[in-house]
Amino acid sequence: MSQGLKTVLVICLSVTMLFTSGCFDASEPDDMAYVVALGLDRETGGNLMITLLLAVPIAVGVGPESGEIENSTNIITVAAPTILGGINVIDSMISKRVNFSHAKLVVISKELAEQGVEKFINTFIRFREFRPDTYLGITEGSAEEFLKLSKPVLEYNPSKHFELIMESFAYTGFSNGSTIEEFYSKMESTCGEPVAVLLDISPIQEVRDLTELLKDFSNRNDEVLEGDYTAGEMPVVYENKIRQMGSAVFRGDKMAGVLTGRETLYYLMVSGKLGDVYYTLPDLNEGSGNMPEIKDYITLRLSQARKPEISVTIKENIPEVRIKILLEGDIVAITGRNDYSTGDALKMLEEHASEYIKEKVVSFMEKTRDEFKSDICFIGKHVKKTFLFWEDWLKFNWPEKYEKARLNVDLEVKIRRPGIMVKQIPEMD
Amino acid sequence: MDQKTTIGNFEAACILLNLVSTKIILDFPRTASEDAGTAAWIMILLDSAVVYLLFLLITRMYKKFAGKDLLDVSEKALGKTGKTVFGIIYLAQFMYVTSIVLRQFAEDIKVISLSTTPVSIVILMFSAGMIVGAWLGLEAVSRLHVLAVPILAIAYILILLFNIPRYDVTRLSPWLGLGVEALAVKGVFNLSYFSELVALFFLMPFLKKEKNFGEVGRYGIFFSGLFLVLSTLCYLMAYQYPTSTEFFLPVYQMARAIKIGRFFARIEAAFILIWASCAFLYLSSCLYFITYIFQRAFDLKYRKPLIAPFIVLIFTLSLVPENLYSALQAEMQIYRIFAWIISFIFPIIILAIASFRARLRSKREEVSSQ
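From first to last, the protein sequence lines stand for chains U and B. Our numbering applies: residue 1 is where the first sequence begins, and numbers increase by one. Our numbering applies: residue 1 is where the second sequence begins, and numbers increase by one.
What the hints contain is simulated information worked out from the structure, not anything from laboratory work. One or more hints might be untrue.
Unchecked claim - Straight line, CA to CA, 30 Å or less: simulated DSSO-like cross-link-like pairs of lysine-lysine:
1) K259(B) with K119(U)
2) K273(U) with K358(U)
3) K160(U) with K259(B)
4) K110(U) with K385(U)
5) K307(U) with K259(B)
Since the model is a prediction, treat every value here as computed from it, not as a measurement.
Please put together the full structure from these sequences, using the hints given.
Here's what the structure looks like:
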């Protein structure tokens with residue numbers, strides 16, 4: 001081939017590539033309406049109520065210019081028998097085309113979740129615009145109301161706002177960061193059950209409402225510590241009314257119950273997903289100060305020293321589950337006058353924390369077994385690995401066996417550092 | 001002339017590696033898990049070992065015929081007719097697999113990227129690449145393989161590595177999956193995953209060191225086996241059975257799931273590049289082999305004029321399956337059942353007959369000389 005012909009060929013090909021690259025699938029980001037969050041409710045006529053929280057990019061801010069938080073999102077609700085059918089309706093009336101490739105959250109109402117979510121999850125998994133890491137939340141009330149009330153406060157970008165909130169479980173332990181892919185995989189699993197993030201709208205408008213709410217809790221026998229709430233019960237007065245705390249527990253694709261924030265923390269401990277969290281426990285010597293009615297607390301920063309060790313033995317067809325958890329922590333606050341920074345006091349604190357958390361973990365595990373009948377901690381996978389053949393494993397019927405499981409928890413807390421103080425000298429009376 | 005072209009052992013090994021391993025980015029890990037459940041990786045490991053042993057046997061038998069391609073050997077075994085018959089058989093095999101893989105690539109790219117582009121346009125784009133590859137010949141194709149295969153292999157390994165946080169070894173249990181019977185029966189049919197190794201027997205005349213063809217094949221089998229086992233193992237550790245049987249493009253799914261911080265996500269865009277590169281290399285090599293086999297089977301002087309009619313045929317055949325699932329079925333239900341016989345059993349038979357006849361001939365010559 002002559003040099004001239006080659007040059008002509010290269011030029012022709014380059015020009016063709018330039019002008020044919022967007023023949024069929026050209027899409028301008030400007031022509032898209034990007035969904036930040038999607039809500040699903042049951043409409044009385046049997047339809048779905050699909051609510052989209054759309055980002056308004058120009059209000060989010062362009063380049064170094066800051067945006068307007070108030071106008072950064074736009075909400076739209078449609079009734080249709082299917083999700084994508086509803087999207088078609090929306091597409092026909094707004095100036096842009098709905099796109100889910102930046103969606104961060106899917107919110108499903110509790111009412112729908114209790115009837116089963118498989119048919120919706122299927123859409124999220126099958127349709128390529130949905131990202132596998134989109135978070136999945138269940139709201140006690142209406143998903144539409146939830147999205148309507150959600151407004152970014154400290155963040156201009158609504159997408160980042162949701163993402164940061166959902167990721168916060170790594171340092172609070174009060175949620176689980178469940179994504180649609182994780183949920184789907186667990187839902188289809190034969191050795192465990194899924195959980196989703198628990199969301200709600202706070203009824204608290206001012207401090208007076210907060211006092212009312214706390215009065216209800218003070219009537220309970222148990223001590224109520226931070227995180228002993230579900231999303232809607234959180235004693236918080238804040239401009240943004242949407243809340244995230246606890247977990248929605250599923251059996252198969254149907255919601256079976258809820259866990260509080262603290263119970264979710266124990267779920268993360270047993271599942272080996274605990275990040276680095278603040279954990280408050282009552283002081284060993286309660287009311288040691290001048291006012292015995294005011295209790296003293298110790299706050300630790302806890303994390304998992306190593307992944308939990310779970311072993312299961314089957315005795316007379318009953319699983320004997322042994323869970324060994326090793327936590328490590330730093331002392332970050334002591335409200336009482338006792339010093340636990342060193343020596344025997346430190347040992348005492350370790351033993352106290354171990355016993356206290358162990359009791360809570362056992363009670364959480366019993367709740368999953370007796371109340372939810374749902375192995376959300378995937379204990380089943382430790383039984384599954386003792387099987388050779390798939391058929392035998394299916395016949396074994398783990399979900400049924402889990403209901404009769406005997407649960408033993410062995411938990412140890414090691415305090416590694418006393419914060420940046422090595423001793424605490426009480427104030428002279 | 002093509003016959004004067006020579007390629008190095010590494011180049012030949014790269015061609016084999018890409019031909020066998022391209023299916024990883026299509027549906028291979030899923031179909032393997034459909035066949036053997038959680039033990040799919042064991043099945044592929046056993047298949048690799050069996051293919052390795054079969055190849056050792058073929059290598060021993062081929063030693064006498066080093067430098068000759070399989071059609072030359074069939075001529076020695078069964079005369080001109082044998083050469084033409086086996087030529088047609090291998091031509092049919094390559095035509096069948098090329099048209100199906102072309103359709104699969106086109107459909108897959110439609111699903112994951114060019115959703116509104118007509119499938120015929122996508123096939124046409126791939127066909128253009130195939131024509132260029134086949135036109136430039138084996139030397140260009142093999143050199144491109146040497147450049148691209150290491151990069152593609154590294155990119156693929158990175159996808160597997162970035163998925164490490166999602167791996168859970170207990171997902172591989174129950175360890176023998178759907179049972180020993182499934183492993184044995186499906187394992188035999190799945191030898192067809194290595195069917196493209198037959199290309200080595202057509203590369204023989206082009207190898208610089210003809211005697212080292214065994215080494216080329218062994219490296220090709222070792223690395224392709226390694227990649228096939230790794231892909232199944234990693235996929236099953238990331239997606240438990242039976243969810244693993246649901247995803248249409250397993251490696252794409254794994255690439256989609258990669259998220260390292262908020263910044264490093266959505267790397268499937270890079271995956272599409274890897275994926276299209278593999279497709280072009282695979283398809284252009286196949287078109288080359290199709291025209292080469294036809295030329296050799298019918299003793300034609302020129303190869304290049306065959307490119308146009310064969311690309312039209314492949315293009316048309318690729319549009320025969322009604323939908324994506326039919327294309328997948330055509331590969332899973334038909335090709336896999338017979339391909340291992342054509343790729344491994346036929347060469348053994350041809351070589352056995354050719355050796356026997358060569359021995360007879362030499363004895364006859366000995367007798368006549370006495």
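Taking the hints in turn, this is what the structure says about them:
Distance restraint check for K259(B) and K119(U): the Cα-Cα separation of roughly 26 Å lies within the 30 Å cut-off, and the hinted pair is therefore satisfied. Between K273(U) and K358(U) the alpha-carbon distance is near 17 Å, which keeps this suggested pair within the 30 Å criterion. For the given pair, K160(U) sits about 15 Å from K259(B) by alpha-carbon distance, which is consistent with the 30 Å threshold. Simply put, K110(U) and K385(U) have alpha-carbon atoms about 34 Å apart, too far for the 30 Å limit, and the pair is violated.
Between K307(U) and K259(B) the alpha-carbon distance is near 22 Å, which keeps this suggested pair within the 30 Å criterion.
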